[in-house]
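Novice: Which chain is which? The protein sequence lines are A and B, in order. Note that the numbering used here has the first sequence beginning at 1, numbered continuously upward. Note that the numbering used here has the second sequence beginning at 400, numbered continuously upward.
In short, the hints are calculated from the structure, not lab data.
Listed next, the in silico SDA-like pairs over lysine to any residue satisfying Cα-Cα at most 25 Å (straight line): (1) A:300 <-> B:659; (2) B:558 <-> A:278; (3) A:4 <-> B:614.
Chain A is faced by these chain B residues, among others (derived, beta-carbon under 7 Å): (4) 412; (5) 565; (6) 625; (7) 660.
Partial list, derived from the structure: chain A residues whose beta carbon lies under 7 Å from chain B: (8) 348; (9) 378; (10) 386.
No experiment lies behind these values; they were computed from the predicted model shown. Beta carbons are placed, not taken as given, at the ideal position from N, Cα and C, and that holds for glycine.
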Amino acid sequence: MSIKVVIDRCVSCGVCVKECPVAAIAMNEENLPEINLDKCTLCGICIDKCPTGAIVRTHQAQKAQEDYDQYRGIMVVAEREDGEIARVTYELLGKATRLSTHLKQPVTAVHLGPATDQEVRELIASGADRVIIVENEELNIPLVGVRARALHDLVVDELPEIILAGSTSQGRPLLSKLAVKFQTGLTADCTGLDVEMPDRHLLQTRPAWGGSIMATILTAHNRPQMATVRPRVMRRLKPDYNRKGEVIRIKTRPENVEDPVKFIELIKESTSKVRLDNADIIVSGGRGIKSPDNFTLIEKLANLLNGAVGSSRPPVDDGWIDHAHQVGQTGRTVAPKLYVAVGISGAIQHLVGMQSSECIVAINKDQEAPILKVADYAIIGDLFKVVPEMIKALEKRQQ
Amino acid sequence: MKIVVCVKQVPDISQAKVDPETYTIIRTGVDAVVNPFDLYAVEAALQIKDNLPQTKVTAISMGPPQAEAALKEVISMGVDDAILLSSKHFAGSDTLATSYVLSKAINQIKDVDLIITGRQAIDGDTAQVGPGIAAHLNLPLVTDVNGIVEIKPDELKIKAMTEEGYLYYFLPLPALISIGKGIGEPRMPSLRNKSRARKAIIPVWTPEEIDAEYQKIGLKGSPTQVVKIFTPEVGGEVLFIEGEPPQQAERMVEILGQRHII
Chain A
1 MSIKVVIDRC VSCGVCVKEC PVAAIAMNEE NLPEINLDKC TLCGICIDKC
51 PTGAIVRTHQ AQKAQEDYDQ YRGIMVVAER EDGEIARVTY ELLGKATRLS
101 THLKQPVTAV HLGPATDQEV RELIASGADR VIIVENEELN IPLVGVRARA
151 LHDLVVDELP EIILAGSTSQ GRPLLSKLAV KFQTGLTADC TGLDVEMPDR
201 HLLQTRPAWG GSIMATILTA HNRPQMATVR PRVMRRLKPD YNRKGEVIRI
251 KTRPENVEDP VKFIELIKES TSKVRLDNAD IIVSGGRGIK SPDNFTLIEK
301 LANLLNGAVG SSRPPVDDGW IDHAHQVGQT GRTVAPKLYV AVGISGAIQH
351 LVGMQSSECI VAINKDQEAP ILKVADYAII GDLFKVVPEM IKALEKRQQ
Chain B
400 MKIVVCVKQV PDISQAKVDP ETYTIIRTGV DAVVNPFDLY AVEAALQIKD
450 NLPQTKVTAI SMGPPQAEAA LKEVISMGVD DAILLSSKHF AGSDTLATSY
500 VLSKAINQIK DVDLIITGRQ AIDGDTAQVG PGIAAHLNLP LVTDVNGIVE
550 IKPDELKIKA MTEEGYLYYF LPLPALISIG KGIGEPRMPS LRNKSRARKA
600 IIPVWTPEEI DAEYQKIGLK GSPTQVVKIF TPEVGGEVLF IEGEPPQQAE
650 RMVEILGQRH II
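If we strip away everything but chain B, and leave its shape as in the complex, we get (with noise of 0.2 Å):
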């Protein structure tokens, strides 16, 4: 099976501070890291490659030219290759553009069998952008994935969340699926793959190199714009709710019941 997985690098917010004053994520000074919920998507793929040892995997990220890092971590998970989408030309990209570009990428690679990404990014937040490349590429598409069930060749049984409950399905390939928390832990890099990463050589794709129009890509291919960005007013000071438990409890009901919040 040939299976590309969609990787982007994020700041790290677990390094962010939250702004005493202001109460704001104070996001200066974060190092980049791969989106969490890309780890889950590459560890989806490595899951079908355990028992499909024939599968090749190859990870691809649009970014700066920093974003090789993060390829290089998938790398080092046990991903076989990876390509780097990078130019000037995609800064800018809305979810439109950036799942254009995406699958501009996967059909240069072609005969791709699953395309994998995580559910969403944890700086954008949209989970637009895997079902945009599955609409792009005319693909089957499932959200969410939260197991692989059933692995063959040309088929996968999975499981799927939503607010309901787990839906499972029969999903023929190709197809496009992403991934949340539930498929299980992202695997750590063992020592082999680590120095393959280190020597892997990621070639850098432009518009070019995936035949790309200009008019489809970055700031030019993204209809959305941002207008204002602002901060929210935030909530005033804590109040500590004082005395021994018994009393903190009885007074923490009724400011509870005279604010009508129960």
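For reference, chain A alone in the conformation it holds in the complex (with noise of 0.2 Å):
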């Protein structure tokens, strides 16, 4: 793929040099447009902006697939999370089952571990046709290697057209080794999927630039398609228990689950009920709740609504919380139903981590704070006494 300005039908208009988000156009000695590949993202803007349709994409011949046909059906990796089958699995099988009404292919749940007949029913009720259990006890353990290895076994079987998994420290880490191994295309961290007919491309809608700005992206000439999804975003469908599906248990080649790499423990979090990547509901707690002792405010009317406690950067740089809980740029990004910021004034690296978020609650004395930028509802005040006095509300409430 590249892209190139057509002479003949350029009027020197300039539109292209002024629309393009990278500047890699320039007029050149001769009035034309010239394209600084080097620059270029090939995002298309100066195509579509370009009132005399003068700027066009070159399909370069790419190495054809030619078993490119082969390829059928989609196939969702699923994870498990605190022991048991995690949310997005579920997410990405109610996805995946409305991308199969367009493609006609069934959809593949793949289990990478031993799961109970009851957790193979709730996959079928979500939407898979098909449940793929590998059963070596060793896909338990959390080495992305073994899984990998039992995962490429599975594909080059199964050739799928489209696999997706969640966008998690299991998900995106396990697709990336995959994408490699099958030279193919993967996008991270989609919360959009649509496919697009008769080429059966998967269309997958990324944010940037912390959500400021949205791509669309595809695979157009390697299979499988490949993708990870935001957990919190696709809609689980309503499980139907009188769903058919076919249940197939296997074991990958013993091989495959050795790994140098030696897991030694896991150390949950305890410092809240709640994690912040599957959480409805966040409190954040910012510079403004002036010490670490003050979280117990937050977390109070975390537990209230249910949430999880979130923070921004500076009270996990003092030590007044752990990383795990930073929201934002070096933390982590979320978009829960609620996020409520207190104390936080919304500093930019904050805001591409949250500003996704459904309804955003912002509980801060300046009335020029830039998190209200991004907020539905501002309460200016001191949060010493506001928060307290939703404490005491949402407990009336809940009487």
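From the two separate chains plus the hints, produce the assembled complex.
Specialist: Here you go:
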């Protein structure tokens, strides 16, 4: 793929120069636009904006995969969290089911490691037409190499056209390894998926720059098409326990489960009951809460809302709270239903980590704080008065 | 020990401002900096060097000629030397092509015991290049490492962060790790290293030097293509909840209840 200017059609209007988001286009001495391919990201904005259609994509011959048509069906890679199948797996099945109505191909859930009959029923009820369980006990151990080898063999057998996994600490490295082995495209952290018929392309939409722009990406010439999907974005189907599905229990080759890396132990993070990544509600504290002890106030509010405790960067840097709680550029990117920012002014590094939240409430003493730019509701006042009143009001409501 | 740290030059988002009308981030006029997670990666490498003084740390970066500045910055922190991977043939590489280029460069450096990357780059946010390099080189991989607990010349004990908590591993070398913030604050440049960075001559490697296949790099080697970029819809104005704290709190709880959020 490349891009070029068709000189015959160009009227030297300069629109492309102005519209290019990466300043890759400049007028040359003949007053014709020249595209600097070192800078160009092939975003296509100039193609859309050019009034005379003078900018076009050029398709260079890419190694055609002769067996392109052999790849059929959607594979969803299940993952576990806290001893059960993670919610993101059901969300992926919901999305895969909708994609399969266009592709007319089955949805296969792959569970790496033993699974109970009840769990298999749940996967089928949530949209899986087939469930493949790779029963080796060793797949329960958090080793990406073991999981990648087991999944690799399955993909060779199954040849799915699409593979989806959660954009999680398990899913991202797993599919990254697989994409290299199959020399195919992988798009991280998608928030939108669709298919383009008749080419059967998976249109993968993802946020860039902390959600300030969105990009739609596709893998045109390689299969399988692979994407990781942000948890909590896709809707899971209402389980239908009358759905029928095929259940396949297999074992992967013994050499696949041998790994040079030795897993020692998992130390659970115990400071909050609900974790950031799958919380519907997050209450975060910032520098405005003044001391580490005051995080108890944040925790109390979070617990009442059945939410997780978050933090902006300064409390983490000052050692008031573990870095696992940090929301923002060097912490976690979150998009809960409700985000309550307490005493957080809203540095841009924080905003990019939470601005996609559905509803944002800012409690702040400063009416000019940047957090208000992304907030839906603002309570201007002393957080040490407002938060206790919030707690009181919630307790009253829950009675 | 021989360590390679991969660094990327990215736009400095802390300088960016939010457009008051569209609420999008204004990117023009923003300087380039070292990707923050890559500074943690450099810090991790230097922590190992502190323990095993025989360690040599080489930084590599794929990018335009200006990315030399990023490499000089990490030399000023204490990295021994650096190589810039720069060529118009590399331009437009997606994560598959980028991880291929970096893995070919690492092969060229030879006998590398440990490769360290940042958890992710803050502009692309994919976290795919580190694991991709490990896959190209068939190396053991642990992502989001937030602490190096024990250091031996042929093995590390490390602590990795996941959604569930912290995972501990014994990692035999050679291997690849990606680094998160928990590793500790990146160290400040020393005067001596600053002067070393100023004088450093950073070799530039092109596809020729790393023996890369042209079909596997740049746009040609990138299976993914961006077909559309657009600005997401943003919410409207902020609603100020007026009154004294008790009324504000009650009103807020009432609204959240009406919207079925709580």
